[in-house]
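Trainee: Chain residues, written in single-letter form:
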Amino acid sequence: MSYSLNELAEFLDARVEGDGGVVVETAASITDAGVGDICYVGNRKYIADLRESSASAFIITEDLIADSPAAAIVVENPRAAYAKVLGLLYPEFQPAAGIEPSAVIAASAKISKSAYIGANVVIEENAIIADDVRIDAGCVVGRDSRIGKSTHLCSNVTIYHGCVIGEYCILHSSTVIGADGFGFEFDQGEWLKIPQVGGVLIGNNVEIGACSAVDRGALNDTLIGDGVKLDNHVQIAHGVQVGQQTIMSRGVGIAGSTRIGKNCIFAGMTGVKDNIEVTDNVTVTAMSMVSKSLSEPGSYSSNTPIDDTRSWRKNSARFRQLDEMARKIRQLEKLIKEKD
Amino acid sequence: MSYSLNELAEFLDARVEGDGGVVVETAASITDAGVGDICYVGNRKYIADLRESSASAFIITEDLIADSPAAAIVVENPRAAYAKVLGLLYPEFQPAAGIEPSAVIAASAKISKSAYIGANVVIEENAIIADDVRIDAGCVVGRDSRIGKSTHLCSNVTIYHGCVIGEYCILHSSTVIGADGFGFEFDQGEWLKIPQVGGVLIGNNVEIGACSAVDRGALNDTLIGDGVKLDNHVQIAHGVQVGQQTIMSRGVGIAGSTRIGKNCIFAGMTGVKDNIEVTDNVTVTAMSMVSKSLSEPGSYSSNTPIDDTRSWRKNSARFRQLDEMARKIRQLEKLIKEKD
Amino acid sequence: MSYSLNELAEFLDARVEGDGGVVVETAASITDAGVGDICYVGNRKYIADLRESSASAFIITEDLIADSPAAAIVVENPRAAYAKVLGLLYPEFQPAAGIEPSAVIAASAKISKSAYIGANVVIEENAIIADDVRIDAGCVVGRDSRIGKSTHLCSNVTIYHGCVIGEYCILHSSTVIGADGFGFEFDQGEWLKIPQVGGVLIGNNVEIGACSAVDRGALNDTLIGDGVKLDNHVQIAHGVQVGQQTIMSRGVGIAGSTRIGKNCIFAGMTGVKDNIEVTDNVTVTAMSMVSKSLSEPGSYSSNTPIDDTRSWRKNSARFRQLDEMARKIRQLEKLIKEKD
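Protein chains in written order, with this note's numbering: chain P, 1 to 340; chain A, 1 to 340; chain B, 1 to 340.
Don't take each hint at face value.
As the list claims (entries may be wrong) - Straight line, CA to CA, 30 Å or less: simulated BS3-like cross-link-like pairs of lysine-lysine:
#1 A:K149 / P:K193
#2 B:K292 / P:K292
#3 B:K113 / B:K149
#4 A:K337 / B:K314
#5 B:K84 / P:K337
#6 B:K314 / P:K337
#7 B:K339 / B:K328
#8 A:K337 / B:K113
#9 A:K113 / A:K84
Hints listed in this document are in silico derivations from the structure and should not be mistaken for laboratory results.
Extracted from the complex, chain P is given alone in its bound form (with noise of 0.2 Å):
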């Protein structure tokens, strides 16, 4: 798709620096663009390159207009305002309303006429498919189950049965919501099941991506909140609460029963212990353990630090000797003072 800057502006309801009639059709990094490219400079660290970049337009921060080489869109948030225009430039592929033939519905599920269900999709008994929302290839939403209005599920999802997912959400493949959650109990010398009986909610504009699980509740439903963002290999377990806006990347998982609030960010195959809470607006910084309740906002971290194996495998075995290190240093302390 090509596009005139004034109407890339217009649609962001913001103003052009320059020629506004500079079309773009396509976008590039700051340092790779070249004619016909728009890119966008949200920070100042870059400006050697925009001084130096080819593009044919860009989007920045008022700030930068003075070293911008060529017609620009002023805006606040340039890499907002760049995820709108990419949206514009290259739009998603939408498939045409309608179930293809290989397709197995159920005869209770409700399908809206405006839904896509793609080749080999299986819905099952009873389950509600909102308008617009689009089912690929391979796709399988189990009884009872309701996908909200616009969501889209990428090909070989599995929705399990009795669970919601809200509006504008984005599943992507493989990914699994509503198996059982892993609860057991020792009797008579093996694990006997708890049968997992609740079910999954998930909120609108939640986007999961590829191989996550969120498991169903044992007895309460597990909760996402609206525009939750998950990565992939993500595992929310049984009875889980996430909130709003909380972010979470590849490889994280929460143990069961644990509430996690708004607007957190846990980076990278961190660990939350079963259990517990984390409050609203609590960082956790890659791979680390969160062992306890976080009751207060702020960033945390365990784990250490990388270095090359030789050093490492020095100081490693002497973390085992921590406690007996302190405690001679507090000896010391005190053979010192005596000697005063």
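Using the hints provided, position chains A and B relative to the given structure of chain P.
Mentor: Just chains A and B, lined up with the frame of chain P:
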């Protein structure tokens, strides 16, 4: 479903304290419960909640009878009894036996008349599906594989060729059994694949969560013992052996040819090295790295505690000086002794 | 299949020591082997096992000839030769070329006559499937994607639109290529999605395990070099570049836009930060966190050693005092010096 307390007690082979005619329809947690609910209390810690609960009935231990505000079933392990009661109150959906028309079944496959084969399931040559098996939509069962009596494959599970799944197992969606183990030999500048010609042998009463992977053996089968429970995102590499009733939480990874004993508990996101041995009755706490054989039963851990990021940065940087710190402490001890 | 040692030696372009007429049918490990088995010994460490082995034949290095109790093929790299022999003894199942009737193929897709397209596979518009490709049951290949010659997609793999997979690759089940990268911008109180308009470009001879995810680029393609081997549960984020012959074990995650060199080895469950660079020939040990660029080849580690939980608790608690401990040590040094 609704049951009188007497009916439930008879089912559990337990006695009722109070009015056995009370009818319950649903289960609830002790603090949420109301009329028609049954809940369990297995711990004197919740005695205040028990006293104030509005549930119609309880499952409790002998010593809690005096504190129960309503009729109760008295048992030794209330959580186990509760699990059984849940199975009655919330009976699992059981599709009628038969093969959905969209399933693709090889002529040489043998499918029990009492099995259920869901929509778009693919069963390859010579596979054997035993009595009362349930295979949900989109699953693939490879050549020469066998699925034991009453096992349930949830939607979109993949079983490769030549794998044996025992009886009364549950495998959750997107899980993969029998993918090639990760075996390569560096030869003449590139990685040469070692063909993985073993299989997978899974015992009875095994449950495996969503998005998990049990790889086939390089030469000998990968073995999962009876009663093993694996959560989501668990990895069992080629040639691993997992002993009976061992349980692994979300994200645990066991590397190749390692042998894990019986009755072990691996908390979430723990990694276990290849070619080692972990004896029976070992517990490993969350996010630990098991880098050597563990020959004594007991609890093991690694990792560092969560802290605010600012403090963590300071402390973590010192990790690289640990060996130096330990040496300094020893020098100081020496110096002080010399002064005596 | 059965082969004489002479036949195998000819295939390997190697020589036989002893009776080349010996026939072998199966492979076994040195300690399990019996009549009809061939095994390899690549290390003098196993010399005692070799001497006592009942195998019919061996693949060994020159220096082990004297210790071999039976005929042997003599090569420089026995494990590599063994890999090739396994391919002969256990030939991989090759379905006959053709398209299963239940597959759903878009009219505009181009499928080679020598390709195999399994049951319930979905091939979308304009996809191109090259010669000798094997696509097993339940896979989805998205619009405009290309699968190179002799590549094998195992059951239930998902390839999104606009992705290119090279030749002679193997992708295991539940793996997802081309899901959206995890890119959002916080704007006016919510996370705005950055459309991910790049693709994925995977080289030749790449193997990717089960339940792994290679995300599409935000703008530029995500690149996986020739000969790269990724195990199960591996994540390659948007815009990452992985150099040739690099190998990543189970659960490794590489965050966005990071560039990984050639011939690197990442052990299991290692995490690598976004926007950094790891040079060629770097090895990272298990469960490490690579939080900065690594510009020197070599081996790197982080993490702490396993210990019994009781000791670990004591030592781990001291981690939070490390900076204080280091300062105390310096003070004590000073105090002692002052006393001199």
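Trainee: Okay, which hints does this one fail, numbers in order?
Mentor: 5, 8
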